[in-house]
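**Q** Below are the chains, spelled out letter by letter.
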Amino acid sequence: KAGVTQTPRYLIKTRGQQVTLSCSPISGHRSVSWYQQTPGQGLQFLFEYFSETQRNKGNFPGRFSGRQFSNSRSEMNVSTLELGDSALYLCASSPGPPTDTQYFGPGTRLTVL
Amino acid sequence: DQQVKQNSPSLSVQEGRISILNCDYTNSMFDYFLWYKKYPAEGPTFLISISSIKDKNEDGRFTVFLNKSAKHLSLHIVPSQPGDSAVYFCAASSNYGGSQGNLIFGKGTKLSVKP
Chain C
1 KAGVTQTPRY LIKTRGQQVT LSCSPISGHR SVSWYQQTPG QGLQFLFEYF SETQRNKGNF
61 PGRFSGRQFS NSRSEMNVST LELGDSALYL CASSPGPPTD TQYFGPGTRL TVL
Chain D
1 DQQVKQNSPS LSVQEGRISI LNCDYTNSMF DYFLWYKKYP AEGPTFLISI SSIKDKNEDG
61 RFTVFLNKSA KHLSLHIVPS QPGDSAVYFC AASSNYGGSQ GNLIFGKGTK LSVKP
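If you read the sequences in order, they're chains C and D.
Numbered continuously in the working numbering, the first sequence closes out at residue 113.
Numbered continuously in the working numbering, the second sequence closes out at residue 115.
Only true hints are included.
The following residues of chain C were derived to be distant from chain D, with all beta-carbon distances above 12 Å: (1) 13; (2) 14; (3) 15; (4) 16; (5) 22; (6) 28; (7) 62; (8) 64; (9) 80; (10) 81; (11) 112; (12) 113.
Derived DSSO-like pairs (lysine-lysine); straight-line CA-CA distance at most 27 Å: (13) 54(D) - 71(D); (14) 5(D) - 57(C); (15) 38(D) - 71(D); (16) 71(D) - 57(C); (17) 57(C) - 38(D); (18) 56(D) - 5(D); (19) 13(C) - 38(D); (20) 107(D) - 38(D); (21) 57(C) - 107(D).
To be clear, the hints were calculated from the coordinates, so they are not data collected in a lab.
Ideal placement from N, C-alpha and C gives every residue a C-beta, glycine not left out.
Generate coordinates for the entire structure from the input sequences, incorporating the hints supplied.
**A** The structure is reproduced here in structure tokens:
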């Protein structure tokens, strides 16, 4: 099976812009989670989608949003970008209950100038 | 407040010896624990997991031990190989079999295995 894929792999934006990142989960996986990795904060949970519904949300401002499509593909959007949003954004998929081990994609490196 | 702590930022081990990576947690509601390995510029790779109903899980060279009373888990790698050199993350979640989208990660331990 192909692994989790994320596009684009690298992105450079300027403050105030918005960005959309895409994630395609492993075939058959219904749950998609998003994480932000920064040197200072480590890996932090953003949100999780299961069957097109947001099931969990982390402690991030409303500028961060996401959605999941009927084919389980997911997108996350960040509006009004700030310098502190520069990070590696990771997507992970899992089959869904009862097996919920998450498998990660390679990430999208976002740089905000 | 860190709910999952990896107190050793780095660990250096000789090839062929045992590597022991440690992780402590504070939330007694956590019931599922995972270890991931990460190389630079790549996503974490799942290694091994354990549910709170067990105290040990083994997969090849990797064994995870869970001590619920101490809220402590450890990953043993035997024998260690140079290819094991990477950053290892401990993660935890609650509601095993339910909503596990929210993994709480430690800050990681960088393992260096010297030939």
